[in-house]
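Visitor: Listed here are the chains, written in short residue letters.
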Amino acid sequence: MVPLKRKRWSEAVQQLVFVGPALLFFCLIVLVPFLMSFYYSLTDWNGVTTRVVWAGLNNFKRILMEDDAFRTSFWFTARYTLAAVVLTNLVGFALALLLTQPLKTRNLLRTVFFLPNVIAGLLLGFIWSFIFVRGFAAVGNWTGIGFFQLPWLGTASTAFWGMVIVTVWQLSGYLMVIYIAAMMNMPRDLIEAAKIDGANRFQMLKNIIVPLVMPAFTVCLFLTLSWSFKVFDLNLSLTKGGPFGSTESVALNIYKEAFQNNRYGLGTAKSLIFFVIVATVTTLQVLYTKRKEVEV
Amino acid sequence: MEQAQRYSARLLALEIAAILVALLFLVPFYFVLVNSVKSFGDLMRNAAGWPEAFRFDNYAKVWEIMRFPRAFMNSLWITVLSNAGLVVISAMAAYRILRRPHLLNRVLFVLFIAAMVIPFQSIMIPLVKVASEVGLMDSRLGLIICYFGFGVSLNLFLYHGFMKSIPREIEESAVVDGCTPYGVFWRIVFPLLKPMTITVLLLNSLWIWNDFLLPSLVLHDAGLRTIPLQTYSFFGQYTKQWDLALAGLVMGVTPMVVFFLMMQKYIIAGISAGAVKG
Chain F
1 MVPLKRKRWS EAVQQLVFVG PALLFFCLIV LVPFLMSFYY SLTDWNGVTT
51 RVVWAGLNNF KRILMEDDAF RTSFWFTARY TLAAVVLTNL VGFALALLLT
101 QPLKTRNLLR TVFFLPNVIA GLLLGFIWSF IFVRGFAAVG NWTGIGFFQL
151 PWLGTASTAF WGMVIVTVWQ LSGYLMVIYI AAMMNMPRDL IEAAKIDGAN
201 RFQMLKNIIV PLVMPAFTVC LFLTLSWSFK VFDLNLSLTK GGPFGSTESV
251 ALNIYKEAFQ NNRYGLGTAK SLIFFVIVAT VTTLQVLYTK RKEVEV
Chain S
297 MEQAQRYSAR LLALEIAAIL VALLFLVPFY FVLVNSVKSF GDLMRNAAGW
347 PEAFRFDNYA KVWEIMRFPR AFMNSLWITV LSNAGLVVIS AMAAYRILRR
397 PHLLNRVLFV LFIAAMVIPF QSIMIPLVKV ASEVGLMDSR LGLIICYFGF
447 GVSLNLFLYH GFMKSIPREI EESAVVDGCT PYGVFWRIVF PLLKPMTITV
497 LLLNSLWIWN DFLLPSLVLH DAGLRTIPLQ TYSFFGQYTK QWDLALAGLV
547 MGVTPMVVFF LMMQKYIIAG ISAGAVKG
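From first to last, the protein sequence lines stand for chains F and S.
All residue numbers for the first sequence refer to my numbering, where the first residue is 1 and numbers rise by one.
All residue numbers for the second sequence refer to my numbering, where the first residue is 297 and numbers rise by one.
These are calculated hints, taken from the structure and not from any lab test.
Hints should not be assumed to be uniformly reliable.
[Said to hold, decoys possible] In silico EDC-like links for lysine to aspartate or glutamate, alpha-carbon gap of 16 angstroms or less:
1. 104(F) to 311(S)
2. 61(F) to 44(F)
3. 425(S) to 44(F)
From just these sequences and the hints, can you work out the full model?
Guide: Here's what the structure looks like:
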């Protein structure tokens, strides 16, 4: 037998070798900066000078009382998130229903619907800014349909819907994949039993399919909520927050505050408020939809 | 059993509807591809139509201006090395945490998982300070180390979930045969993790290759730019020159689209598996 002392020593070394590197990088890159942001949010740090002056809760007061741009960005992000979450899930779910039918081209179609997802958000924004401005205008001239002749990205509401359209186009394929996986896992006998009992298509959907794919809803709502709440790349390249800051997301607002206005202290305070909201909303959502899941 | 479904009229209608929706999804690609080979005048006159003449010199010009091979190699190295490191550190940590669930490891696990709710924006500002103090700024290795930190939570979580299905008996018999703990992990456990390793590699690749914000904070030197960074700066200079800009976009998008078409079976399987488990 190995002496006890040597065994302990070897256990400690193993712990260090196996967990050490992961913990080191995690602390250095995630944990330490995150904890530091609690301190910096209470200062007027500008990121350049080494002199950091204590500001107490002034940053938070300023954000909540005076910062109209931040409030606007929050309002935009909330509306955008709501529209994006609802529409991407609807489209993704509908595509999944469609592509679980025995269609001849379904594998090809799945590839097509998923394709936008592999492109970087930043590049997508540039691609779509061309399509909205040049492509839609050309289609509008050619067909005379009013929808295409709107001043796309030029007004607050077209820029808003522009963001939503691109998001739906990009993400619904991803959700479709998750919904398809859930639908394939539905127990066949339940479906058969419902058919024998004479359930029509709508009843099947409402009473059988939706409850059975509830775990997928939990996942998909969580993903879309956190993606759209944190939208940055697409926002930067599609609308740059314009026109007149009407489509500036919270993430973009924080970025500009810190790295363009050099108000790092104020930026960290905003980022902490952002953290609290993101964490609360996503946790509540998971708890809520988890309760609705059914055991099979 | 379900009766063998006939290819009914209803299915045909659904099929046609699905194909129409798919074409609608593809329209943006048509616009970008078609206009990337037009002359500037042609593009301005008619952005929807077929090109008057195919001008591939747009691509040749952009290839030079964007220094495309350099940006491609930067993206490639950063993605490959971040992936390699992430797989090693997260698989090892997940293994130890699962097999030795003492108090410390349980706390660490909760810590890793809880950190996933922190948005990147709540870390990035002090991160810039930390990164410059430990010399990670303006270096590809520094960026790779940042990816280790940001990726480890999810990767560890996925490996941890997957490892639960691996029976301990295999490992125990290897120990009896005189295998060291490190040998057990690398020769026995790690090969069994292969399906999850593929999922992890693909999810990480999609994320890291397409990421913009983190590299834009860490890499400032023009020679280090990845494809998204290079596209961003290229766009800043050629805002209204759509003929060149679109060719640049097509080039920027192509590597990932090709990668996806080659690996799509695994990517789609990985996403379903990851989501159902999560």
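Visitor: Each hint should be assessed against the structure and marked as holding or not.
Guide: Do the hints match the structure? See the list:
1. 104(F) to 311(S): holds, 8 angstroms
2. 61(F) to 44(F): holds, 13 angstroms
3. 425(S) to 44(F): holds, 15 angstroms
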